[in-house]
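Engineer: Sequence:
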Amino acid sequence: MKKNLSFLVVALLLSVQCWSQNRAIDSNLSPSQLQEDFEILVKSLRENHPGLYDFAPKSEFDSLAALYQRAFSDSMKPSAFHVLVRKFVANIGCGHTTARPSQAWYAHVKENPKQIPMHVIVEGDQLYVKKIFSSNVSEWKGYKIISIDGRSSSDILSDFKSITEHDGVGTVMVIRSVERLFQTYYTFLYGSKDTYTVELEKENGESIELVLKGKAALPYQVDWPIDMEVDLGINHVNFGILHEPTEIAVIDMSSFPREDYKKFYRELFKELAVYDSIPLVIDLRGNGGGYFPTGNLLLRYLMDEEFTMDFQKPRHFTKRNKHLSMDFASKMTRFMFTTIPDRNKQDPDRNYQIKYKPIKKNHFDGDIYVLTDGLTFSTGSFVASKLKERRGAIVIGEETGGGAVGFNAVLSWSLTLPNSGVRMNLPLYHVDVLPEQKDDGRGVMPNISVESDIEQRVFDVDVVLQKVLEIIQIESFKDI
Numbered sequence: 000m001k002k003n004l005s006f007l008v009v010a011l012l013l014s015v016q017c018w019s020q021n022r023a024i025d026s027n028l029s030p031s032q033l034q035e036d037f038e039i040l041v042k043s044l045r046e047n048h049p050g051l052y053d054f055a056p057k058s059e060f061d062s063l064a065a066l067y068q069r070a071f072s073d074s075m076k077p078s079a080f081h082v083l084v085r086k087f088v089a090n091i092g093c094g095h096t097t098a099r100p101s102q103a104w105y106a107h108v109k110e111n112p113k114q115i116p117m118h119v120i121v122e123g124d125q126l127y128v129k130k131i132f133s134s135n136v137s138e139w140k141g142y143k144i145i146s147i148d149g150r151s152s153s154d155i156l157s158d159f160k161s162i163t164e165h166d167g168v169g170t171v172m173v174i175r176s177v178e179r180l181f182q183t184y185y186t187f188l189y190g191s192k193d194t195y196t197v198e199l200e201k202e203n204g205e206s207i208e209l210v211l212k213g214k215a216a217l218p219y220q221v222d223w224p225i226d227m228e229v230d231l232g233i234n235h236v237n238f239g240i241l242h243e244p245t246e247i248a249v250i251d252m253s254s255f256p257r258e259d260y261k262k263f264y265r266e267l268f269k270e271l272a273v274y275d276s277i278p279l280v281i282d283l284r285g286n287g288g289g290y291f292p293t294g295n296l297l298l299r300y301l302m303d304e305e306f307t308m309d310f311q312k313p314r315h316f317t318k319r320n321k322h323l324s325m326d327f328a329s330k331m332t333r334f335m336f337t338t339i340p341d342r343n344k345q346d347p348d349r350n351y352q353i354k355y356k357p358i359k360k361n362h363f364d365g366d367i368y369v370l371t372d373g374l375t376f377s378t379g380s381f382v383a384s385k386l387k388e389r390r391g392a393i394v395i396g397e398e399t400g401g402g403a404v405g406f407n408a409v410l411s412w413s414l415t416l417p418n419s420g421v422r423m424n425l426p427l428y429h430v431d432v433l434p435e436q437k438d439d440g441r442g443v444m445p446n447i448s449v450e451s452d453i454e455q456r457v458f459d460v461d462v463v464l465q466k467v468l469e470i471i472q473i474e475s476f477k478d479i
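In numbering that gives the first Met the number 0, the protein residues as written are 0 to 479.
Treat the hints as calculated values from the structure; they're not laboratory data. Heads up, the beta-carbon is just placed ideally off N, CA and C, and yes, glycines get one too. Each hint should be verified, as a subset may be incorrect.
Unchecked claim - Restraint ranges, calculated between C-beta atoms of paired labels, are given here:
| no. | residue 1 | residue 2 | range |
| --- | --- | --- | --- |
| 1 | D452 | S26 | 46 to 54 Å |
| 2 | R333 | R150 | 38 to 46 Å |
| 3 | P56 | R314 | 15 to 23 Å |
| 4 | K269 | G123 | 41 to 49 Å |
Throw the hints in and build the complete structure from the sequences for me.
Structural biologist: Next comes the structure, spelled out in structure tokens:
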């Protein structure tokens, strides 16, 4: 958290004047309504969050909360209040504690799709064009963005970072989230418009001004090499065998959803068993997590020995709060957890442990390489951490966004603030990925760090996969 909290709140109040001037999509909230919503938020965090003070002492959280509470002396729109809530919770250091605008806000944006038509790349404190959605899509690729609507590139980036949730003290997740959610974050902070004025800098230093028409946001995608794909009939995952320049198997998993993956994993590892000692690359870049049983089932085909999933929550019962809710499936899962014996009744937290045994049939025993980036999060980082520390897998790429030693997750409360409609996710449990290690707030660190330059990222040159192929070729020559 910032040491100079008073300066932070002054800056927040000044910036809110800009946000509050956006075209109204809902009515202003009075100071008393804002204070009520914020009090409910803070009370809910204090009573329910499993790791509220993991990366800053309680005194700092209390001081920051008090300063924010006093800041609500003027009316503002719910959209502006949402931005302040995001800034506040970003200080917790928990990527699963998130804020979203009201349903009315999303309905308005959907009915009026006028978001900035651009994807960006972050390099240092500058933004560069990855893609502009116009008739000449490739024309401006790689150009430096000087300003958008009069706001400098560095100021925009600073604003974006301030509203981005993250685990612990790592920064890579923040940068990659800004890139992936640029269109959404821009709308959060500055609203949507019919047109956007963008000033770019060419390679020769000459500047050029573009006027871009607002349109619906498009997903930030990276293409999969289709020529190596094996269709096993499941969403969110690609699998293939790359034969040149060296033979490897690649599993690309964008998430771990609730779908039934048992049949898919059986078919996948049956396919892998045909090949003798083929190296396996598991691409978890961009994998934001999902359903933990799906991730743990994958690990059962890869881990050599029994492994555990350890998690905990404050022992006290959640106090009654009419603003908190949970879906039926999560309620049933939470109830099932109560049947798990407490591992340590002397601990002030209630401790849980689920044990998993390796699956013997078509178990994979070869070398494993895991690709990660700042968006590898939650179950994605759990799988990466277990494979690195317990299986000897080589991790290549960037530090993960999710914590290597622990993070807050598994199930979440949904909190809806009554006046603003701002919606929050509050995690119930803290996951101890590596219970024997002290948590320093960092993600899974790669054994081999790989960075891409601007040109490589603009044109989607996969230098991480290239590095894997290089390493595997070197290892194969050693065996000759």
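Engineer: Of the numbered hints stated previously, which ones are contradicted by the structure, given in increasing order?
Structural biologist: none
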